[in-house]
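Asker: Listed here are the chains, written in short residue letters.
Number of protein chains: 2
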Amino acid sequence: MLNEKLKEVLNHEGALSITSWSNNNANVTNTWNSYVRISDRGTLLIPAAGMTSTQADVAVNNRLKLTMGSKEVMGTIGMGAGFFIEGTATFLDDGEDFNMMKENFPFLKRVLEVTPIIVKQTI
Amino acid sequence: MLNEKLKEVLNHEGALSITSWSNNNANVTNTWNSYVRISDRGTLLIPAAGMTSTQADVAVNNRLKLTMGSKEVMGTIGMGAGFFIEGTATFLDDGEDFNMMKENFPFLKRVLEVTPIIVKQTI
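Protein chains in written order, with this note's numbering: chain A, 6 to 128; chain B, 6 to 128.
No wet-lab data here; the hints were simulated from the structure.
Treat the numbers as computed from the prediction; the structure is a model and nothing was measured.
Careful, some of the hints might be misleading.
[As the list claims (entries may be wrong)] Listed below are the simulated SDA-like cross-link pairs for lysine to any residue, each with C-alpha atoms no more than 25 Å apart in a straight line:
1) A/Lys12 to A/Lys107
2) B/Lys76 to A/Glu108
3) B/Lys12 to B/Tyr40
4) A/Lys76 to B/Asn29
[To be verified] To give a feel for the contact side, a few chain A residues facing chain B, derived at Cβ under 7 Å:
5) Lys12
6) Thr24
7) Trp26
8) Asn29
9) Ala31
10) Thr72
11) Gly74
12) Gly87
Glycine included, each C-beta is placed from N, C-alpha and C at the ideal position.
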C-alpha cells in the first residue's frame, strides 16, 4: 500500500499531520516526514513524545488520518505530491520496533504504529 | 495573533493541514504554505477548489484546526518550527478578497477564510 511515490515524499522533509477524533472533537498533532519509518509489516512507525490528546482519542476510536506532502516531488498535476492515509493506531512501549525507534529517536516515550487501510495520493 | 515566526514558516514551502469535524467524523485536507494569504483583518485566506468534505463539516461545525511547519525555520528546540491554529471558517465566493485570491489562484472556486482563535507554536 505504501508505494514508491509515498516513500519519495517521506524522503523530503515536511510537517506530517496526524488527526484523531472522539467525542465530537478532533485533535491534530505533527511529526516530521523524516521521523517516519516503515516496518516490515507495512505499517508506519512514528516517535511519540507527547501526543497525549492523540492517545486519549485512540483509546476511544483507534482511527487516524494522516497527511503529508512535498512540493519537490512530481505530483499528479505538476511539482508537488501529497498523500492521505487512513489507518488504525496502536501505541507501542516495548518490542523490537520500539527499541529500533528508541535508538533513532531517544526522545520518544512510545511509538505510534499506524496500520494503513486507505492510502490515497491527493495531488 | 499571526506573528513573524508564523509568517516565516509560511514563507517556506510545505503541506499545511486543515482538519474539520462533525457528526463524529473528522476530515483532513491540505494546501501549500505558499498558497496562504493573510488579510488586513488578520485572517487566513486559502484557495478552495474541492474541499467539499470540509465545507460540509463547516456547515455543521465551523471550527477548523490547521497545522503547518518547516524544518528550515528555527524553532523552540532547534531547527524546525511548527504552528497550530484553531479558528472559525467561512467560505467566500465574492468580494474584494475573493477577487484578489482568484487573480493569484485561477483554479479556486471559493476562498476559505479562517479567523484564528488559538495560535500556538508547537515546536
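Asker: The structure should be examined with respect to each hint, and the outcome stated for every one.
Answerer: Each hint, compared with the structure:
no.: 1; hint: A/Lys12 to A/Lys107; in the structure: holds (21 Å)
no.: 2; hint: B/Lys76 to A/Glu108; in the structure: holds (21 Å)
no.: 3; hint: B/Lys12 to B/Tyr40; in the structure: holds (12 Å)
no.: 4; hint: A/Lys76 to B/Asn29; in the structure: violated (32 Å)
no.: 5; hint: Lys12; in the structure: violated (16 Å)
no.: 6; hint: Thr24; in the structure: holds (5 Å)
no.: 7; hint: Trp26; in the structure: holds (4 Å)
no.: 8; hint: Asn29; in the structure: holds (6 Å)
no.: 9; hint: Ala31; in the structure: holds (4 Å)
no.: 10; hint: Thr72; in the structure: holds (5 Å)
no.: 11; hint: Gly74; in the structure: holds (3 Å)
no.: 12; hint: Gly87; in the structure: holds (6 Å)
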